[in-house]
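Visitor: Listed here are the chains, written in short residue letters.
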Amino acid sequence: MSTAPIAISNTILTLPDQSTATLPKRNYINAEHGILSWLLTGDHKRIAMLYLFSITFFFFIGGAFAGLIRLELLTPMPDLVASDTYNKFFTMHGIIMIFLFLVPSVPATLGNFLIPIMIGAKDLAFPKINLLSWYLYLIGGTLTLAALVLGGVDTGWTFTTPLSTHYLNTHVLTAATAIFIAGFSSIFTGLNFIVTIHRMRAPGMTWFRMPLFCWSNYAASILMVLGTPVLAIAIVLVALERTIGIGVFDPAKGGDPLLFQHLFWFYSHPAVYIMILPGMGVISEVISTFSRKRVFGYTAVAFSSVAIALFGFFVWAHHMFIMGVSNYSALVFSLLTMLVAVPSAIKIFNWAFTLQKGSITFETPMLYAFGFMGLFTIGGLTGVFLGSLGMDIHLTETYFIVAHFHFVMVGGMLMAFLAGVHFWWPKLTGRMYPEGISKLAAVVTFIGFNLTFLPQFILGYLGMPRRYHAYPVDYQVLNVLSTAGATVLGVGYMLPILYLGWSLKYGAIAGDNPWQATGLEWQIQSPPLTENFTEIPIVDYEAYDYEWLEKKQKEQVTTVG
Amino acid sequence: MHISPVLWQFLVKWLHSSSLFPAEASTIAPYMDALYFFLLLITIIGIVLVGALLIGFSLRYRRVKNPVATQVEGSTLLEATWTIIPLALFLVCFVWGALLYFRIYNPPANAMNIYIVGKQWMWKAEHPGGQHEINALHVPTGRPVQLTMISQDVFHSYSIPEFRVKREVIPGRYTTVWFNATEPGTYHLFCTQYCGTQHSGMIGEVVAMTPADYEKWTQQSTSGMSLAQNGERLFASLGCNACHSGNAAARGPNLAGVFGSKLTLANGNQALVNEAYLRDAILNPSQHITAGFAPIMPTYQGQISEDGLIDIIEYIKTLQTNYRVQQTNVTSQSNQAAPTTPEMVKP
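So the sequence lines, in the order shown, correspond to chains A and B.
Each residue of the first sequence is one higher than the last, beginning at 1 in the working numbering.
Each residue of the second sequence is one higher than the last, beginning at 1 in the working numbering.
Isolated chain B (complex conformation):
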């Protein structure tokens, strides 16, 4: 018996390094694996049952043993059995799967938020503190992290197998997913939706770190400007502050504290102000007129990148008073200079 060295190498490699399951590195993973084993069990029982019936009947009723068939019309009882039992099992899978789905797609209220922008063919991660990453994501362990994701071009999909989470990243709308990493380590990040030439190159790594290491990492990697600070500059340079000044007589609604509130729109609808609402209102203002205001805001479609929109949204999220908005207005009227944030003023 001669085994080729190449085959031998593969067998050894198989035994040493191949696994049947990815590592469990998030709080979701054990739940996912439990459901997986349940489904595997059903599958194995199903296959064994069908296989046993086929082989058993084949042996017992093969022509040489049973030369004449006995005609049977059917059996309501048997047929009811194999309708009801599979149905019941499938319904268990349905309920179990639904519970898991709602767990994965409903982030806890205290989750820290990181923005993800997908584009052909890279992943950009934007942390609230202003840390930017390409094809990587650093997260702390032991803390729920929500990803708010959007695509700049085509459909992508953000998948972290070791965390057992995945969500489509869609042009024109935010999608979210959350996880709570448990094990520090480096994990696969894949784009799983076919997105063109370099689809299989749209990969990266997710680095889960202990809270202390993560703290260190955030300090070393900061760009010096938080998303909100970037947003404030953009807000001023696009002239948003001219109308959204917070003055009683202003042409645009007051934005301080607007995030998370319920607005009554001009068409009578109620709208919850979240990231998606703010993005839509900037790009398509005529459909999102706050009651009591004239539809005069121009669209910013094509003028702000997805990153810019994220900055402005983060800025509006943090905006509690209009003091600095009005200050910027006064400054820009007095010297016509581009507004700057006070922290960034050079000596």
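The following block holds chain A by itself, in its conformation from the complex:
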């Protein structure tokens, strides 16, 4: 390894000499063999990989439905499928993408793999509960597929009563059960993270020495543990109303259909933060590593995650501004919505100023992180449109809202997920992904994304309602642009599957710390040992301390030399 490069390279990537390098003889992947050693594992890293394969599978199913939706909307006439089928498409797209992809995406894969290592622990606090969480996810996923194969469900992912309780004849109960069960997998993940972060930090790993990835997953865990049970309650009530007609939501029996909206959004708004917070954690790690700088205002970024989690619980009624809630309660929820936007703004500026005076390189994870920052800024600011009461009247329930949450969820979260997968791929597998084509994929994704969703903002302001199978002819041009963009986006998502799969066998050997990063996960071998550390590390440096890393590397060179 060269310590003093003569010409300054435009990458920090440092790989071992490929002619002699091999993967470590002992690691978590080859520690045991056979399918059962995976299916019955307690190792957080193996469970993370199980999750990674499962959520990728569901992502492509959900994505296929997105493709079908865009294909139908190419023309104003309802000419590809029948209305019922179209309604099933967007319902399956929503259910799969939200409950089976976005909610578990970063926490259950990268979080599962990295949080114990980042804080210097051998595993999560409850390995068996961790495995149970994956099985619950799998049961939830299988039931969703069952609902799909049996004929589908057309409630929309929001399960609005009384439509879902009294007016539909599809597999509502199967889908509801699936979400109920998948919800527990999310609760267990959150529980595991909270206990692990509280109880299992290595000596010297104080709260404020933790990587920000741990902070943001911790904040998301609080939301998972406190929010998800409310969704479970709402779903049980829908099931009881549908089967035995208890009348909680039925106005004819003295029930209130708006109550369902309150219960549902009490979970589903915080769920947005469950989805985005772990992604923000990824961005903090990536931005810091590729600008060789401590995250600007570490404490502010850490606390802004907690602030988002806390405020996130008190803004749910902004989904109901036009639903006949009291004007004055709308006022309160609008104000709180504006407040919850501030911590996100703080994060964006802190990340931007992390770049200042840094030494920046532009590898694939960094490109995705830049994409995240641009798209999340648009997603966040268009959220202010919707939080602003009067504006919400015109924009809610239109394509504007569709574009807004795709900017946050896909432009934000999916970009962050891909940034994280590329960043930690060498740690997960011990091998590098190919840099050239992955940069291309990042750029294609960014272009495709914008082409798909920017026209939808305009469509929304023109008034095109969401979940429409057919639409007036004057909206066609923008819809064609959007569908064209979706095609490009589809290519952008297919590429990583191909080259990441290729790299599993042919990728360059990565070595322990290809990015010269400071986290504890980079100080151990790739892929790690089953027990992560040969001895429990003692932490005597702050997070993102690149000077510490340099000193350590010099010491190693002198010891070896």
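There may be inaccurate statements among the hints.
If you only want the chain A side, here are some residues facing chain B, beta carbon under 8 Å, derived [unchecked claim]: (1) 39; (2) 292; (3) 323.
Worth flagging that the hints you see were computed from the coordinates, not collected in a lab.
In this text, all values refer to a predicted model and were calculated from it rather than measured experimentally.
Even glycine gets a Cβ: it sits at the ideal position worked out from N, Cα and C.
Here the structure of chain A is known, so what remains is to put chain B in place on it, guided by the hints.
Guide: Just chain B now, with coordinates in the frame of chain A:
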């Protein structure tokens, strides 16, 4: 360079017919658009700022130019700046949005009222004069129009993009929205809340007409019976008049002039008698007992349609004396025939 004819056609179509904004056809629309442009401005400034920071720092501090990073802990001053400025901007958006919201959802006192009943998958409009429309709404320009809306089944949402108004239409409760159309023309009407199979077919048109044209339209489209007249028949055929006769000894409270008044209920609460109160009192009487009366009224849940309820409410709204109520009682006692309204008596 070869452009496919289909693409060319789309480009031409885009330039000729595509707009970025819907027409402004109500008094609300300019207010909405002003707020929209303000928010767009903030968004564009935000994106340009973030983009400039990312690109600027990337160029200035890229590794080849700046091989060694300088560690910076943070800066309270900078962080305070980007906390306070966004907060201030968001608060402006909050106040501006709130003012607009209260403008849209508080109808002026002189607004004319039209009832909307939503059902899977059509919109029924009921004008006070008895004009009924399906998937259409005719309104005069230059005059505030209030819509009192209810759903017969699931959640719907009544949206007129060119007027910039929208409101959820909910089963079991009235919601209202108002607008004042400025430009005669035909505009989109959408159901924006997913409501089942034909959700995207639950559309129609809103026709704004000059007051003179509207007058003509009301005369041509009348069904001959106003909502109140329909309500009067229903009131009698359901036997409401037996108790609500206005007699001093009657078992039910006097309904003449009750609309808009403040009632003291048996449980001591005060209630303003509006459309929602009357509807609830008919469907769920035991919760709405006027002080001094026994809880003997049966529920009419499931016996009257939403249209019927609207008729009865319109009737009670117009009821100023009990003279005709008592007349109907006398007639029905003498010949046991179904009561009719005098105007409708056939020669």
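Visitor: Hint by hint, say whether it matches the structure.
Guide: The hints, checked one at a time:
Because the beta carbon of residue 39 of chain A sits about 39 Å from the nearest beta carbon in chain B, more than 8 Å, this interface hint is broken. Taken as an interface hint, residue 292 of chain A checks out: its beta carbon lies about 4 Å from the nearest beta carbon of chain B, inside 8 Å. Here the hint on residue 323 of chain A is kept, as its CB sits about 4 Å from the closest CB of chain B, short of 8 Å.
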